[in-house]
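Number of protein chains: 4
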Amino acid sequence: MSSVLGNKVKLSVFGESHGRAIGCVIDGLPAGIQLDFDKINREMARRAPGKDKTATARKESDTPHILSGLLDGITTGAPLAMVIENTNTRSGDYGNLMTVPRPGHSDYPAYIRYGGNNDIRGGGHFSGRLTAPVVFAGAVAKQILEQQSIAVGAHIKQIGNVCDSSFDKNNIRADFLHSISEKPFAVINSDIESEMRAFVEQARLSGDSAGGSIECAAAGVPAGLGGNMFDTVESRLSSALFGVPAVKGVQFGEGFGFSEMLGSEANDGYEIKNGKVSLISNHNGGVLGGITNGAPLVFSVAVKPTPSISKPQQSVNLQTMENEMLFVKGRHDPCIVPRAVPVIEAVTAFVLLDLMM
Amino acid sequence: MSSVLGNKVKLSVFGESHGRAIGCVIDGLPAGIQLDFDKINREMARRAPGKDKTATARKESDTPHILSGLLDGITTGAPLAMVIENTNTRSGDYGNLMTVPRPGHSDYPAYIRYGGNNDIRGGGHFSGRLTAPVVFAGAVAKQILEQQSIAVGAHIKQIGNVCDSSFDKNNIRADFLHSISEKPFAVINSDIESEMRAFVEQARLSGDSAGGSIECAAAGVPAGLGGNMFDTVESRLSSALFGVPAVKGVQFGEGFGFSEMLGSEANDGYEIKNGKVSLISNHNGGVLGGITNGAPLVFSVAVKPTPSISKPQQSVNLQTMENEMLFVKGRHDPCIVPRAVPVIEAVTAFVLLDLMM
Amino acid sequence: MSSVLGNKVKLSVFGESHGRAIGCVIDGLPAGIQLDFDKINREMARRAPGKDKTATARKESDTPHILSGLLDGITTGAPLAMVIENTNTRSGDYGNLMTVPRPGHSDYPAYIRYGGNNDIRGGGHFSGRLTAPVVFAGAVAKQILEQQSIAVGAHIKQIGNVCDSSFDKNNIRADFLHSISEKPFAVINSDIESEMRAFVEQARLSGDSAGGSIECAAAGVPAGLGGNMFDTVESRLSSALFGVPAVKGVQFGEGFGFSEMLGSEANDGYEIKNGKVSLISNHNGGVLGGITNGAPLVFSVAVKPTPSISKPQQSVNLQTMENEMLFVKGRHDPCIVPRAVPVIEAVTAFVLLDLMM
Amino acid sequence: MSSVLGNKVKLSVFGESHGRAIGCVIDGLPAGIQLDFDKINREMARRAPGKDKTATARKESDTPHILSGLLDGITTGAPLAMVIENTNTRSGDYGNLMTVPRPGHSDYPAYIRYGGNNDIRGGGHFSGRLTAPVVFAGAVAKQILEQQSIAVGAHIKQIGNVCDSSFDKNNIRADFLHSISEKPFAVINSDIESEMRAFVEQARLSGDSAGGSIECAAAGVPAGLGGNMFDTVESRLSSALFGVPAVKGVQFGEGFGFSEMLGSEANDGYEIKNGKVSLISNHNGGVLGGITNGAPLVFSVAVKPTPSISKPQQSVNLQTMENEMLFVKGRHDPCIVPRAVPVIEAVTAFVLLDLMM
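One line per chain: the protein sequences are E, R, C and B, in this order. Residue 21 is where the first sequence starts when you use the numbering used here, and the numbers rise one by one after that. Residue 21 is where the second sequence starts when you use the numbering used here, and the numbers rise one by one after that. Residue 21 is where the third sequence starts when you use the numbering used here, and the numbers rise one by one after that. Residue 21 is where the fourth sequence starts when you use the numbering used here, and the numbers rise one by one after that.
A couple of the hints might just be wrong.
For identical chains, the list gives no copy identity; a pair is met inside one copy or between any two copies.
[Said to hold, decoys possible] Subject to a maximum C-alpha distance of 30 Å in a straight line, what follows is the list of computed DSSO-like cross-link-like pairs (lysine-lysine):
1) K71 to K59
2) K59 to K28
3) K296 to K349
4) K296 to K331
5) K293 to K331
6) K293 to K349
7) K71 to K203
8) K73 to K349
9) K203 to K73
The set of hints was computed from the structure by calculation and includes no laboratory data. Predicted, not measured: the structure shown is a model, and the values here were computed from it.
Looking at chain E on its own, in the form it has when it is part of the complex:
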């Protein structure tokens, strides 16, 4: 199990859903960065649950406490350590017996991988709650990127069969990305919000859950980041993005849409604009040959439906080795997509920071 991300800046995430605390250590941050905690807390709030019916009703205290690496609000260059206390855990003794694995969850493979020793209470280290430290790290990264005029923003592209507008790939500005981040429900086309919410509510009422996808972009990324062959920007980003629970697909630019395109449609021509080399279109999502080309970075990720549903499911009892129907209880997100938006942004910002160093 490796919960460490990054090459030059290293993020080490720890904690379990029902353990004492979750948190992270960020090693290799540049010294001398003044951190704005209002901004950090705003990002934490974007991910926090309990805001509306698309998310679980659980309340979590997501206040990050800094243990090291900061002096008078400025990074020292030493590892930045942060903890979030787990306050809302239930005290009952689970006994850590995982007898009936939940379909779609890590329960069964983790049982094999860790010999039944992993903490399964609330998903343990596999819990979506572990994305809180990731959002913290991303919030720190965003502030450093901002100084270099790089902005990262994402939106809900699809939930169920309801789709939002897509980014205008070759024309994405920082202020536009910020305006989306400020929305409580991150869609470009606000008219679609109620329809999406209705879809999720219907899934929730029927004891089910909904999947979707998220489109993310970074504006202001300079040309020349990344490299060939196995250190492409796509490699770095996808590797990190698949670390976000429920992400099952990553595509850059037109992605799987390229399958039906001709080269003449897919290639992005060049032109001189204001004395600079500029791209006429951005089908490739800002990356060519694994290296950024100066156009906005644009990609999308597929998010599978929350595996926790209240409908009965076929499973097995690992003790008796017999089939057993499973009825999952508890408070769950009927759709994780809205809360995953700031997480995807955070991962992207962290990877970009690592690439910029």
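Given the coordinates of chain E, work out where chains R, C and B should sit on it, guided by the hints.
Chains R, C and B only, in chain E's frame:
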């Protein structure tokens, strides 16, 4: 630029399209493995060009010469180094002047990244030719995996608007995968071959190129490989797969199809079968929580259309900084998808070997 | 700045001497290990200051609090996070102005490296206090190694001109190593203790400090660990050992003594003993060609005198750029060697665990 | 077995003593560097054997052939691959039976580690011959460092009981280091040469070998390189230096001499000189807290006597598991120290380059 792949087994790829040689060093291979060069050469031949009209007419000598790491055909545990001489390069002095970058290629971002020093003849180190050492490494990995009853195989899932059948995700056997690998044109549904070829031929005749997608599977993968959070099987595989030129998307199991699914449709239930835990379906493509669950590993990759087309394209002259129409000459693959099939398999086999160590 | 150690098991250390807390995250520990906290606390106590006059009179609360990775005292396979609160820090505002760098300390190079942003209070992240989490990690590693019959122990080899006996390199048993660890003053030859203490006391009274060396051994290490060329056991160990503050030399077996030996004296012959291959001598300290040979691992490290002395020293004022005499105040260890013994053991145990995985 | 060195620039070494070729791949070199092959060949010649009686009489063709990464003599940013053909190997079939391991060599531990599959002809991948690609990589690194006014040089500090003068640690200039490198026998005090040679000759005549030590320095290293805690300059350098066959100790500045020093003797004071912060002495060898302090980098390494001696030695027969006397034949270096000088420089240059990137 990092052309190094892997954690415990490290693949270091070198060479340029028109340089003296291409090759690789594989560091960390287990000692005592008898290598079957007939099998290796068969894999090399699958990738080699010049076989039919979907590929370039160039002839390349893709015979791997072992420099070290092998004694009497058996691995010694020391780095396995291999070279392939470049025999079919043209002698003309390119002068390495890259004045008009080709749209869709790495030309422009590489120009920025390497300050104009990168070898652009035939794409240099960015050339698809560099996948030959990758196929070699994959062929070695496949032989080691075979001893552990793991088989890897892929097929052309789509070219343009023509689609092949998909794998039956929960029922993929080694011999089936081998039977596909032996086909000169790797599709499950042979009836579709002529239609796909016709699509490519039409693109070729109009000076254009076609994209597509490839579906890959691994049978026999044990449960418990990989880990959470940033060392998931998906992270490792996607990172490597995006190292293959033209790959722009990677999705596991239903991938982007999950967006429109409900949890009750997406979750894979469990049942006891022959006294063992077994999955009822395999929508998740054999990975849950980043860890293999014992079902076949199934994923697909999007392949963009070959950027080299003979149709005129809008570009710029980097010396004069003026717009300029570009007419690309030379012999190119009108569709890279068929030749990319063994490359995707090779990358997959190498990553699985690294995970198994 | 990278405070991350290890390949398969990763130790990430954080904290500053006068910050809120110090601690570490250990990523990649095997699941299912029952941790004995009595043993851990005993190791922590060995390193803790305030025990006698060779060490600083400061009292530090070195109680490790587990935040994650442990359930009912058993490792879960998830990252093990631990914090130690800093209780004995002084509240005065240092203002973080580092004007007159202390000779022999990291002050000046860290000022350059971190642009004056590093926390200099008590040495910040460079403080010897940061070895507390390292001792914790080592205590965990020792327990896992113990299950494989590997024991690690070290002793004070030299302080000033007073020398302890050396290990009998080819005959080191686990119980012997344990018996040394239990001593409050870790020397083989107890008669030498008072002489060493007297040397340190004399240095202390004259406002000075003393250096020394530590010899460390590991018994029960199997043959075949490590590898050639840049992944030798010596490479791994030395890299980690030089991470311990004040260590300025590392030598294996006879080390620098080899300079005056002939090959016939330095080579360790083989013999069959109890039906097994055995070494007749162990001049090479248990490593040949970078790989363990089954003999005990034996090496020693040089520890420079504590740079904090109360004698006046020549320094400069970085603000005025003028020469300035420096008078260092505060409570310091007149000799760090005794407290460094468990730290050297801890680093060794952690590296061995990483090699064994 | 990992023959890969470096973080940002990666050196992958391959080959065996009696295999087809040896060589290396350097991944991550900056683009646009004009390489001077006269300088490279001069470095290769410094390491090559057969020059005098301190070394083996074998002749080796150490001409590096570039396979990739260079265009018109300028680095392209793509991996730089180099091979040296093995021309002087004997054709006899060794059958790879390693029955009687040579004392002091890697034979026995490698037999265990690689299950008897490693190539033992001439030491295989463990052969000192593998330092030829390292010298090549160092020669490349030196040229890049030179552009930043950094020079690396080393000398024979000791052979047997004969000692050379030491570097004046706080006063080492580039031209002085170059002047030593140009000597066929690298000592500061030329008067000592004949005595050292006599010592080696006497060892040779008695079928024995001699050990020694090498002192190395780098002038012009800027303050602020490296970092705390596990990424210290000492960690990086020692890890790489222990990859050189026969190196058994590494010490920085006074190293083990610190054991007998007081803090007031060991600390290096500061003074303002020509308006800059300067060190009054350099006992710490240019590194404090793991970070360079602007003084010359100075360290020394212990080199054990060549294990290949013609005197009979006690060993065992691994097939019969009985004791057996061993008589080693062949041409060997009676003292490896002189030829190791350019290797130590090369490793140092490569690590410094990696740190500078």
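Cross-check of the supplied hints:
Within a single copy, K71 and K59 get their C-alpha atoms as close as 19 Å, which meets the 30 Å cut-off; across copies the closest is 46 Å, which misses it. Within a single copy, K59 and K28 get their C-alpha atoms as close as 24 Å, which meets the 30 Å cut-off; across copies the closest is 33 Å, which misses it. In this assembly of identical chains, K296 and K349 lie within 30 Å of each other by CA distance solely across copies; the values are 26 Å between and 58 Å within a copy. In this assembly of identical chains, the alpha carbons of K296 and K331 lie at most 30 Å apart only when taken from different copies (25 Å versus 57 Å within one copy).
In this homomeric assembly, K293 and K331 come within 30 Å of each other (Cα to Cα) only across copies, at 23 Å, whereas the closest approach inside a single copy is 57 Å. When the C-alpha separation of K293 and K349 is checked against a cutoff of 30 Å, the pair qualifies only between copies, where the shortest distance is 27 Å, while the shortest distance within a copy is 58 Å. Taking the closest pair of Cα atoms, K71 and K203 come within 30 Å of each other only inside a single copy of the chain (13 Å); across copies the shortest separation is 55 Å, beyond that limit. For the homomeric pair K73 and K349, the shortest alpha-carbon distance inside one copy (17 Å) is at most 30 Å, but the shortest distance between copies (58 Å) is not.
In the homo-oligomer, the alpha carbons of K203 and K73 lie at most 30 Å apart inside one protomer (16 Å), although the nearest pairing across protomers, at 52 Å, exceeds that limit.
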